[in-house]
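Those protein sequences? They're chains A and B, same order as listed. Quick note on my numbering: the first sequence kicks off at 1 and runs consecutively. Quick note on my numbering: the second sequence kicks off at 1001 and runs consecutively.
It is worth saying that the hints were derived from the structure and are not from the lab. Because the structure is a prediction, the values reported are computed rather than measured. We put the beta carbon where it would ideally sit given N, CA and C, even for glycine. Be careful, since some hints might not be right.
[Stated by the list, open to error] For the chain A half of the interface with chain B, some residues (derived, Cβ under 7 Å), not all of them: (1) Q14; (2) N27; (3) I31; (4) V34; (5) E51; (6) I53; (7) W100; (8) I143; (9) N185; (10) Q194.
Residues per chain are reported as follows:
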Amino acid sequence: MPQSLNYLKETPSQTAGPYVHIGCTPNFAGIKGVYEQDLGASMVNDKTKGERITIRGSVIDGNGMALKDALVEIWQADSDGLYNSPFETRGTADPNFSGWGRSAGEMDTGEFCFHTIKPGVVPFTDGRPMAPHITFWIVARGINLGLHTRMYFPEENTANQADPVLGRVEHKSRVPTLIAQKDGNDYRFDIHLQGELETVFFDI
Amino acid sequence: MQKAETAMKNEKQQSGPFIQRDRNWHPPAYTPTYKTSILRSPQKALLSLDNTLSEMTGPVFGHSLIGELDNDLLQNFSQNGDLPIGERIVVHGRVLDEKGHPVPNVLLELWQANAGGRYRHQKESYIAPLDPNFGGCGRTITDDDGNYTFRTIRPGPYPWPNGVNDWRPAHIHFSVFGQGFAQRLITQMYFEGDPLIARCPILNTIPDQAAIEQLVAPLDMANSLPMDSLAYKFDIVLRGRRSTYFENRREGN
Ligand SMILES: [Fe+2]
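Bound-form chain A, shown alone (with noise of 0.2 Å):
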């Protein structure tokens, strides 16, 4: 027998349930008092440099149906391409920008939604630049594992053709179920959890 390794197994994942707003967004599930706000209802103030948008989307089951239970966080740089992290090692992020958001959805339709600002440009591992881009984690009752993907911008046509992640989908025709639409001023992202427009997940 060789030494062992000694390394750790990660934390198996469970199910967020049914329930997971009463844990992440308590003010929104009803439950007033504990804390002031929602963590991550606000990711932008009045001093944050950058493109206001909106974006707004469905998770979408396998049959067609939005959830109404799902729990979606975003992060993204700021409008100069900087997370505002301590591991961001390349400057210092605006201190005015979470770069952080969380929506419970709406209690009706369970659709999401954030006031953000548009991303500058982050580097790739190998120093190229990515497309602007919004790295989303979904989890619900139902999805054993929390889902990562990202969504790019419809007007960045030549930046995301040059994308080295965007590049790495195998299939090009699943390339769209990244990139968000334009819907008046605002953007729409619908992430379809199955089927023939099942959006591209990653293992990252």
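Knowing the structure of chain A, use the given hints to seat chain B with the ligand on it.
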């Protein structure tokens, strides 16, 4: 933007990609004995990629976020100072990474049913009554050694619509932030000795028995409070960072 989020930590620390996730250790997406997963499980191959900065970084919260009673579920929803019904317990543990390093500044959010197995939620219809003094949510942040602690009541088991007579073992849900968004995790903690553990369709989505046992918190008499509360210890392991000393860099980087 709320004040708490401007209080994110800003000192520079070692960055780097996280060790690849062992997907055989986690439950697969499609687990038909847990029926809701059938229509909510991706069926196409995932896109496997090494971390970029977008996953190596993530939100980190400051201790100023946490209110005095946030980790005390006995008191954080108390009406007129009355306490909730149930077995008083302390839940504590450490957050480590796969290399055994403690992870500081990890935000843990938890939620649970009351002692009768009832959640405070409008979609919840179980016959067990609500407890007017129990909200069922709490949060805390790990200290410099990765330690955390909560005080609560032991949740009750509850029936749920899956099979005709499926019951959830007593459990506490945990939402865990790490240092990078790739570490983001939601899981559930169970209690040593619960006979419902072996019968639970949700726990049994996990293929490896040793992985199931990793979610079962042992009774910890050493940290129990005499004449007050029993304690359970629940350690949490997040993905570790890979060493990058010998990483190849393309020219110009
Ligand atoms: Fe539960």
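Results for each hint:
Among the interface hints, the one on Q14(A) holds; its C-beta lies about 4 Å from the nearest C-beta in chain B, closer than the 7 Å criterion. At a threshold of 7 Å, the smallest CB-CB gap from N27(A) to chain B is about 10 Å, leaving the interface hint violated. Annotation: interface hint on I31(A) holds; nearest CB of chain B at approximately 5 Å, less than 7 Å. For the restraint placing V34(A) at the interface with chain B, the shortest Cβ-Cβ distance is roughly 5 Å, inside the 7 Å limit, so the hint holds.
At about 17 Å, the closest approach between the beta carbon of E51(A) and any beta carbon in chain B exceeds 7 Å, and the interface hint on this residue is violated. Contact between I53(A) and chain B, as hinted, is not supported at the beta carbon level, the nearest pair being about 16 Å apart and thus beyond 7 Å. Satisfaction of the interface hint for W100(A) is found here, the shortest Cβ-Cβ separation to chain B being roughly 4 Å, below the 7 Å cut-off. Among the interface hints, the one on I143(A) holds; its C-beta lies about 5 Å from the nearest C-beta in chain B, closer than the 7 Å criterion.
This hint is violated: N185(A) has a C-beta 21 Å from the nearest C-beta of chain B, more than the 7 Å allowed. At about 6 Å, the closest approach between the beta carbon of Q194(A) and any beta carbon in chain B falls short of 7 Å, and the interface hint on this residue holds.
Against the hints set out earlier in the document, violations occur for numbers 2, 5, 6, 9.
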